[in-house]
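*Asks:* Now for the letters of each chain:
There are 2 protein chains.
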Amino acid sequence: MEIETCEVTVIHEDIVEKVKKEMPNEEKLQETAELFKVFGDPTRIRIICALMKEEMCVCDLSALLDVSQSAVSHQLKTLKQTRLVKYRREGKVIYYSLDDNHIAKIFEAGYEHVCE
Amino acid sequence: MEIETCEVTVIHEDIVEKVKKEMPNEEKLQETAELFKVFGDPTRIRIICALMKEEMCVCDLSALLDVSQSAVSHQLKTLKQTRLVKYRREGKVIYYSLDDNHIAKIFEAGYEHVCE
DNA sequence: CTTTCATATGAACATCCGTTCATATATTAT
DNA sequence: ATAATATATGAACGGATGTTCATATGAAAG
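Those sequence lines, one after another, are chains A and B.
Counting in our numbering, the first sequence runs from 294 upward without gaps.
Counting in our numbering, the second sequence runs from 294 upward without gaps.
Honestly, the hints are just simulated from the structure, not real lab data.
Keep in mind that a hint or two might mislead.
What the hints assert, rightly or not - No farther apart than 27 Å at their CA atoms in a straight line, the calculated lysine-lysine pairs in the BS3-like style are these:
{"hint": "1", "chain 1": "A", "residue 1": "K373", "chain 2": "B", "residue 2": "K313"}
{"hint": "2", "chain 1": "A", "residue 1": "K346", "chain 2": "B", "residue 2": "K330"}
{"hint": "3", "chain 1": "A", "residue 1": "K346", "chain 2": "B", "residue 2": "K314"}
{"hint": "4", "chain 1": "B", "residue 1": "K314", "chain 2": "A", "residue 2": "K379"}
{"hint": "5", "chain 1": "A", "residue 1": "K313", "chain 2": "B", "residue 2": "K373"}
{"hint": "6", "chain 1": "A", "residue 1": "K311", "chain 2": "B", "residue 2": "K373"}
{"hint": "7", "chain 1": "B", "residue 1": "K398", "chain 2": "A", "residue 2": "K311"}
{"hint": "8", "chain 1": "B", "residue 1": "K314", "chain 2": "B", "residue 2": "K330"}
{"hint": "9", "chain 1": "B", "residue 1": "K373", "chain 2": "A", "residue 2": "K314"}
{"hint": "10", "chain 1": "A", "residue 1": "K385", "chain 2": "B", "residue 2": "K313"}
{"hint": "11", "chain 1": "A", "residue 1": "K370", "chain 2": "B", "residue 2": "K379"}
{"hint": "12", "chain 1": "B", "residue 1": "K370", "chain 2": "A", "residue 2": "K330"}
{"hint": "13", "chain 1": "B", "residue 1": "K379", "chain 2": "A", "residue 2": "K313"}
{"hint": "14", "chain 1": "B", "residue 1": "K321", "chain 2": "A", "residue 2": "K330"}
{"hint": "15", "chain 1": "B", "residue 1": "K398", "chain 2": "A", "residue 2": "K373"}
{"hint": "16", "chain 1": "B", "residue 1": "K311", "chain 2": "A", "residue 2": "K370"}
{"hint": "17", "chain 1": "B", "residue 1": "K330", "chain 2": "A", "residue 2": "K370"}
{"hint": "18", "chain 1": "B", "residue 1": "K379", "chain 2": "A", "residue 2": "K321"}
{"hint": "19", "chain 1": "A", "residue 1": "K379", "chain 2": "B", "residue 2": "K379"}
I would like the entire structure built from these sequences, with the hints used as guidance.
*Replies:* Quick look at the structure:
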């Protein structure tokens, strides 16, 4: 494993060094990108948005958003894996809700920006 | 243009109707997803993160992040189009910076969540 | 006006990702 | 047990997306 710094023009080496020191942990940045990527799909953000209002089961989400049960289920899997939603079973029905209210905060930060 | 509501099982019609009324404008939701999608790429979020610290030119970003000049330039184009960054020219050099400090707020909301 | 340097851009390619379709699992009712 | 219902899941397909490579643009210097 070698690092090659080949042929890169740097105009302001001082700035580059300064910012490099101030940059957050690389791994955390990757995780942050992963998190935002989950918010970056129309179906998923609609699910998140719906769950901000009410705990809901899969078929109701499917009907509300006009997306197939399978598609909703696949996206809920993603949301589960990234710990954005939690769920509870009640007989055959599984109810999903947001994992914590920080999720809503992130949504709102983006939504507000869109609304200017 | 016809809407077909075919074969969808709805368990809690009241909840579905209530949430449907409370859901934000569909177009705004799409835009919000678009916004988060831009934040959802490792290279782009690193650019955003760097520009939170300092205004920077393309080649310095390229060196800082160890990404080709072309790749940085392509991503800056995306960031320009979504109005996340602005730029100013000074001779041959073009300096990029965050368009407004609301951008940093969005980043921080996500970053904080990752850091627990 | 030609060269050099910083940046932009288009095409091509590979990878990723969301949906669909078919089917599996799990729980309740008969 | 068997049927019915709610949800999950794997494979496959098509479209989106990020990088690379080659090249273009635009500004300053010689």
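*Asks:* What are the numbers of the hints that this structure violates, sorted from low to high?
*Replies:* 11 and 19
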